[in-house]
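Participant: Listed below are the residues making up each chain.
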Amino acid sequence: MSETDKLKIDIVDALKSIQDPDLGRDIVSLGFVKDVKFCGGVAAVTIELTTPACPVKDQMREEARQAILALDGVDEANVEMTARVRSSSSDNQSLLPGVKNVIPVASGKGGVGKSTVSANLAVALAQSGAQVGLMDADVYGPSIPTLMGLSEKPVSGPNQQMIPVTQYEVKIISMGFFLPKEKAVIWRGPMLDKMITQFLGGVQWGELDYLIIDLPPGTGDIQLSLCQKVPLTGAVIVSTPQDVALNVAQKAIAMFNQLNTPVLGIVENMSHYRCSHCGQRDEIFGTGGARKVSESRGLPFLGEIPLSTNIRVHSDQGKPVVLAEPESEQAKAFLQVAENTAAQISIRAMAGELEQDIKVSF
Amino acid sequence: MDEQTRSGDDSSPIPREITRAGDHDIRILWKSGHESLYPARYLRLKCPCAVCVDEWTGREVLRPQAVTEDVAPSSLELVGRYGLRVRWTDGHSDGIYTFKLLRELCPCCQTS
Chain A
1 MSETDKLKID IVDALKSIQD PDLGRDIVSL GFVKDVKFCG GVAAVTIELT
51 TPACPVKDQM REEARQAILA LDGVDEANVE MTARVRSSSS DNQSLLPGVK
101 NVIPVASGKG GVGKSTVSAN LAVALAQSGA QVGLMDADVY GPSIPTLMGL
151 SEKPVSGPNQ QMIPVTQYEV KIISMGFFLP KEKAVIWRGP MLDKMITQFL
201 GGVQWGELDY LIIDLPPGTG DIQLSLCQKV PLTGAVIVST PQDVALNVAQ
251 KAIAMFNQLN TPVLGIVENM SHYRCSHCGQ RDEIFGTGGA RKVSESRGLP
301 FLGEIPLSTN IRVHSDQGKP VVLAEPESEQ AKAFLQVAEN TAAQISIRAM
351 AGELEQDIKV SF
Chain B
1001 MDEQTRSGDD SSPIPREITR AGDHDIRILW KSGHESLYPA RYLRLKCPCA
1051 VCVDEWTGRE VLRPQAVTED VAPSSLELVG RYGLRVRWTD GHSDGIYTFK
1101 LLRELCPCCQ TS
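Top line first, the protein sequences correspond to chains A and B. The first sequence begins at 1 in this note's numbering and counts up by one. The second sequence begins at 1001 in this note's numbering and counts up by one.
These aren't lab readings, by the way, just hints derived from the structure by calculation. In this text, a Cβ means the ideal position worked out from N, Cα and C, and glycines have one as well. Keep in mind that a hint or two might mislead.
[Claimed, not checked] Looking from chain A toward chain B, a few residues come up when the C-beta cut is under 7 Å (computed):
1) 227
2) 259
3) 332
[Unchecked claim] Pairs of lysine-lysine, DSS-like flavour, derived with a Cα cap of 30 Å:
4) 1100(B) to 251(A)
5) 359(A) to 1100(B)
6) 109(A) to 1046(B)
7) 57(A) to 34(A)
8) 109(A) to 57(A)
9) 57(A) to 251(A)
10) 109(A) to 1100(B)
11) 6(A) to 34(A)
12) 359(A) to 1031(B)
13) 34(A) to 109(A)
14) 292(A) to 359(A)
15) 1031(B) to 332(A)
16) 1031(B) to 194(A)
Can you build the whole structure from these sequences, using the hints too?
Facilitator: Here it is, written out as structure tokens:
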């Protein structure tokens, strides 16, 4: 064996000391280490993560660099971080063939900020480099076009499929595109079911890492249809800290449990208010309630979003705060929710690779 | 979401494999390792849809005489992550058999 080959083995061995904190295993046994090169004292490796929105990406890169540099004969280490989002479900996605993960955002109660969370979540994931779609399934009060600053309509593509509108690198479809503002959707169940089918299979989503679905409040026809049409990766539950919202949020969790759809975790929106003049923190709706519920239900807590004027202003102006003011406390809070959500999806997907899908041969 | 729902034990059963058995019966191999064999007509008579079972009282509306002896499934499809829809040769396909219901209906586990 040549010196170079021996050193390559040493490099891989050294990388075994690095753990993925979310998946709880070392990056070598997870198969993340690709492309180990060594030439003239310079080592180069590629680490392929399960999401570009990995919260500990930079830390892992530095740990890997240090581990390789500690080896005899290595003068320089170049670590490249890439990502390939895994799919949480391998087959039976006939309606959404190119979509790896479908994530409904639900709440139970209305007015807790599902659409704002959905829009910022979608944009934050897209900013990290992932391919993202955003479906506004709230037919009664579609707000995604406003939040994403859209007025154009999607056009029809080949095979009579709709081509979603792309804004801020997110592919978007919404009932709001098809109805004038002063008209309302007054439909019974079968029509809603048809609309969901149309928004899933009748839209040219293409290849997506994440399809975020902004649901209407409640546990009704739209939620049920969605849970029946496609295997969902897992739901994100949004709640404010008040009991009145949390109690209804638990109904949404119960619905997903009953339909065997995993819940990825809970987001606490309007968690606190920070006065823009004096900076004092005020807990208008209380705080920490969603965290308590997530603990008692054994669900991950995905983060807390403050109540703030700038989220509202940028939402009304059609540019989510993660893009409009990326350095703000509010944008960072959304970013953290996006990273935690992506981490939970990776955990599910990696577990799914070990678990088998349901095989139907008939 | 608790561990049970994911691992698929008996409180929240998940199939591993769904296949044909014999000429027209259905076989389910569960994640727990248990195997269930459902005679076609038995499963057809247990259809949980609102036409076959009264939604409010749970009374069975479907009369056994109305189902022919040779009824058989013509196709199967998964419903989301929680159930199975069966298309029967008599044209019926409204019932969604949840995994939980199917596990309860397992003929070899019936006590009576």
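Participant: For each hint, tell me whether it holds in the structure or not.
Facilitator: Hints and how they fare:
no. : hint              : in the structure
1   : 227               : holds (5 Å)
2   : 259               : holds (5 Å)
3   : 332               : violated (27 Å)
4   : 1100(B) to 251(A) : holds (20 Å)
5   : 359(A) to 1100(B) : holds (17 Å)
6   : 109(A) to 1046(B) : violated (36 Å)
7   : 57(A) to 34(A)    : holds (16 Å)
8   : 109(A) to 57(A)   : violated (35 Å)
9   : 57(A) to 251(A)   : violated (35 Å)
10  : 109(A) to 1100(B) : holds (28 Å)
11  : 6(A) to 34(A)     : holds (17 Å)
12  : 359(A) to 1031(B) : holds (11 Å)
13  : 34(A) to 109(A)   : violated (45 Å)
14  : 292(A) to 359(A)  : violated (38 Å)
15  : 1031(B) to 332(A) : violated (41 Å)
16  : 1031(B) to 194(A) : violated (33 Å)
Hints 3, 6, 8, 9, 13, 14, 15 and 16 from the list above are not met by this structure, while the remaining hints are.
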